[in-house]
Amino acid sequence: MGGSDKGDKKNDGKGKDGMNPATRQAMTAVLDRFKDPTSADWRHGWVGMEPTFQSERSIALWKELAAQEGGEDKYFEHEYMLSTERKIGKAIDDKYEEKRKDGKPFCPFAKVKRDEEPDQWGVVRQCLEFRWDDEKLPKFNVRMSIDPETFEYSIKPVPLAWFYEDDFVRFLEEFCWEVPLKMGLVPTIAHGGAQFSISAKCFLGGSLLADDIATRLNHPELSTFIMDWPNPDDRPLRATRERFAAVRRVLETYWNGGFHPAVTGERRAGQAILDEWWVPATAPRPDLMDPQRGPVGDARQVFQTNFTFGRAFRFLGQNVHPGYWQSQHPKETGYRPDQIMRYSEINLNRMQIAGECHVKSGKTLDAERVPAFDTPLDLGMLYDEASWEDRGQMGRTSARDFTEALLLDVHYAQWLQAHPHVKVIDSLAQDQILGGAVETLRRHGPARLDELRREAEKENLEASRGRVKSDWIEPETLLWESWKVLPVGEKVGIAREVVGGFVERVAAAASVDPRGKKIADDPMEWHRHRILPVLWEVLDRPEAGLAAGDPVRRELEAWKAKRAEYLARRPVFSLVGLPEPWK
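Position 564, counted from 1, in the sequence shown is what this note's numbering calls 577; the numbers after and before it change by one each time, with no gaps.
Take the hints with a grain of salt, since some may be wrong.
[Stated by the list, open to error] Only pairs whose alpha carbons sit at most 27 Å apart, straight line, appear in this in silico BS3-like list of lysine-lysine:
hint	residue 1	residue 2
1	K124	K108
2	K152	K87
3	K76	K596
4	K126	K114
5	K195	K169
6	K117	K149
7	K152	K114
8	K87	K76
9	K108	K126
10	K112	K126
11	K471	K482
12	K126	K103
13	K114	K124
14	K76	K100
15	K48	K114
16	K124	K100
17	K149	K100
18	K48	K152
19	K596	K575
20	K48	K373
21	K169	K100
22	K124	K112
23	K575	K530
24	K76	K48
25	K531	K117
26	K195	K126
27	K117	K152
28	K344	K471
29	K149	K48
30	K149	K76
31	K497	K573
32	K344	K373
[What the hints assert, rightly or not] FRET-style restraints, in silico, Cβ to Cβ:
hint	residue 1	residue 2	range
33	Q38	K497	19 to 27 Å
34	G479	P118	53 to 61 Å
35	A574	P527	25 to 33 Å
Since the hints were made in silico from the structure, they are not lab data. Just so you know, even glycine gets a beta-carbon here, dropped at the ideal spot from N, CA and C.
Work the whole structure out from these sequences, hints included.
Given below as structure tokens:
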């Protein structure tokens, strides 16, 4: 493989001393334990980043080649895609060396080594290995690879603590964002995303995992109107009535003690390694669950309860109406029956232990740490990159934008730990365009509903290789079609629910944000732009009737006061003229 190794020359003291010593200390202090599965506090958590950037040509190439027999391979081997990927890697390499020599404070690493390596599919990717002046410290890797329509970073694991350091966020901005942006690549809504993962160990104490899922069940707007747009890659848990009911049943089983090892039997490593069916007990015991703390018992029992719940949730909850459900097939690499449930707003497929198979490559995870088959399942067995993933994240226009989206999830999770046992809300205004969308269309647009059913029958047959004969309409299609026929008053109700719920989430997260005063004056400042502008338009109509002092009205006024600035923080929808579905 070709590559370069820069930074071995004397740097005149500038590179080493450019960063604030306190920042350097904060960044290196967590390196000894952040990948340790048993260090499950947030200080020792880690993050995986996958921001993406596209060009008109990358999108057009995928559309052209993927439609041909064997065309997908041609896309990943295309000279434009490979040469652009290499240019990005080399530009980051060169720019870092230049800025490091200048002693810039956002260059903490002593040197960078660029190389090429195959990814899980055997496709060439760029790997930039950043090394500290102390060779004993772990290296930091930034990888750039090719994905359908897009160029995608894989930056992991990153210590969570680093995102509180302004110089590290500046590092991401200078090298991971500005480099592709200056080459004409941009983040978009329709053709990429900026999903991230967080170390699973942080979610497996108390009842946090269940409470996070319940919160998302109550707030489908997070992946539809705020952090992303409705698409099958990150389908909300409340997308259909059947999906909502399935997820709620799994949550009810959890709080009834159905996943506790006292009734399921002690879970063993072999059950995870073979991924045995994670069914709940037939005779659950609610007394095994504390209403405020979650599972009762010792640390191992708490872990086993939550791990079992998470694994069961994939099959019993997320497996109901996931994105691309018609496409699952044993021969489809990305759409196998054991993978299809990951097309949800959150993904737990990588909540694994050492000895299991990597979800993409099939390689044995942490082979040197594989536990004995009959050993009781324990936190220390977690794969060192076992993760909880938030897939409902659109492209981010800056490193600061990405960081604030990430920390919003982190801080809200911390708030949930102090406010456990989230109750599922039975009915939302948004249900009119989710589980109740067909009824909405039947009332307000019956002719259009008939058209959609005819279209769906054809599309389902094609997507399933002729195996699904059904006029079932995709929930993303139903959402916008039902939205368009709703009376204004109903749209106002949905917009109020979305904005009000998001303001509450941001305020809760801000209350535990260790940055304190830095964001306290206006916690919404770095989140107001995330709300889909069409909702602001609805709320600005006379029919909305927003009273003075209404928090939603205050948010509307704040949006209007800096509308151009907020819009500039949003990625474009499409580079190739795809119409915005809400118009």
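Status of each hint after checking the structure:
The hinted pair formed by K124 and K108 meets the criterion: a straight-line CA distance of about 12 Å does not exceed 27 Å. For the hint linking K152 to K87, the alpha-carbon distance of about 33 Å lies beyond 27 Å, and the restraint is violated. The straight-line distance between the Cα atoms of K76 and K596 is roughly 23 Å, inside the 27 Å bound, and the hint therefore holds. Between K126 and K114 the CA atoms are separated by roughly 15 Å; this keeps the pair inside 27 Å, and the hint holds.
For the proposed pair K195 and K169, the alpha carbon gap of about 24 Å is at most 27 Å, so the pair holds. Between the alpha carbons of K117 and K149 the distance comes to roughly 23 Å, so the proposed pair stays at or under 27 Å and holds. Of the pairs offered as hints, the one joining K152 and K114 holds, with about 20 Å between alpha carbons and a cut-off of 27 Å not exceeded. A distance of roughly 12 Å separates the Cα atoms of K87 and K76; the hinted pair therefore holds under the 27 Å criterion.
Restraint check for K108 and K126: the C-alpha separation of about 13 Å stays at or below 27 Å, so the hint holds. For the proposed pair K112 and K126, the alpha carbon gap of about 15 Å is at most 27 Å, so the pair holds. Proximity of K471 to K482 is assessed by CA-CA distance (about 8 Å); at most 27 Å being required, the pair is judged to hold. As the CA atoms of K126 and K103 are separated by approximately 10 Å, the hinted pair is consistent with the 27 Å bound.
Between K114 and K124, the direct Cα distance comes to roughly 10 Å. Compliance with the 27 Å bound is thereby established for this hinted pair. Our distance criterion of 27 Å between C-alpha atoms is met by K76 and K100, whose separation comes to about 23 Å. For the given pair, K48 sits about 31 Å from K114 by alpha-carbon distance, which is inconsistent with the 27 Å threshold. Under the criterion of a C-alpha separation no larger than 27 Å, the hint pairing K124 with K100 is consistent with the structure, at around 19 Å.
For the proposed pair K149 and K100, the alpha carbon gap of about 30 Å is over 27 Å, so the pair is violated. Using a Cα cut-off of 27 Å, the hinted pair K48 and K152 holds, with the two alpha carbons roughly 13 Å apart. The straight-line distance between the Cα atoms of K596 and K575 is roughly 23 Å, inside the 27 Å bound, and the hint therefore holds. Distance check on the hinted pair: K48 and K373 sit about 21 Å apart at the alpha-carbon level, within 27 Å; holds.
Under the criterion of a C-alpha separation no larger than 27 Å, the hint pairing K169 with K100 is consistent with the structure, at around 21 Å. The suggested pairing of K124 with K112 holds, with an alpha-carbon distance near 11 Å, which does not exceed 27 Å. A distance of roughly 22 Å separates the Cα atoms of K575 and K530; the hinted pair therefore holds under the 27 Å criterion. This hinted pair does not check out: K76 and K48 have alpha carbons roughly 39 Å apart, beyond 27 Å.
Restraint check: the Cα-Cα separation between K531 and K117 comes to about 23 Å, which is no more than 27 Å; the hinted pair holds. Of the supplied pair hints, the one linking K195 and K126 holds, its CA atoms being roughly 22 Å apart against a limit of 27 Å. The hinted pair formed by K117 and K152 meets the criterion: a straight-line CA distance of about 20 Å does not exceed 27 Å. For a cut-off of 27 Å, the pair hint linking K344 to K471 stands: about 22 Å separates their Cα positions.
With a C-alpha separation of about 15 Å, the suggested pairing of K149 with K48 holds against the 27 Å cut-off. Among the hinted pairs, K149 with K76 is inconsistent with the structure: their alpha-carbon atoms are about 46 Å apart, more than 27 Å. With a C-alpha separation of about 24 Å, the suggested pairing of K497 with K573 holds against the 27 Å cut-off. Our distance criterion of 27 Å between C-alpha atoms is met by K344 and K373, whose separation comes to about 13 Å.
Between Q38 and K497 the C-beta distance comes to about 55 Å, which lies outside the given range of 19 to 27 Å. Range check, G479 to P118: about 60 Å between beta-carbon atoms, so the 53 to 61 Å window is met. A hinted range of 25 to 33 Å holds for the C-beta pair A574 and P527, which are about 29 Å apart.
In summary, the numbered hints that this structure violates are 2, 15, 17, 24, 30, 33.
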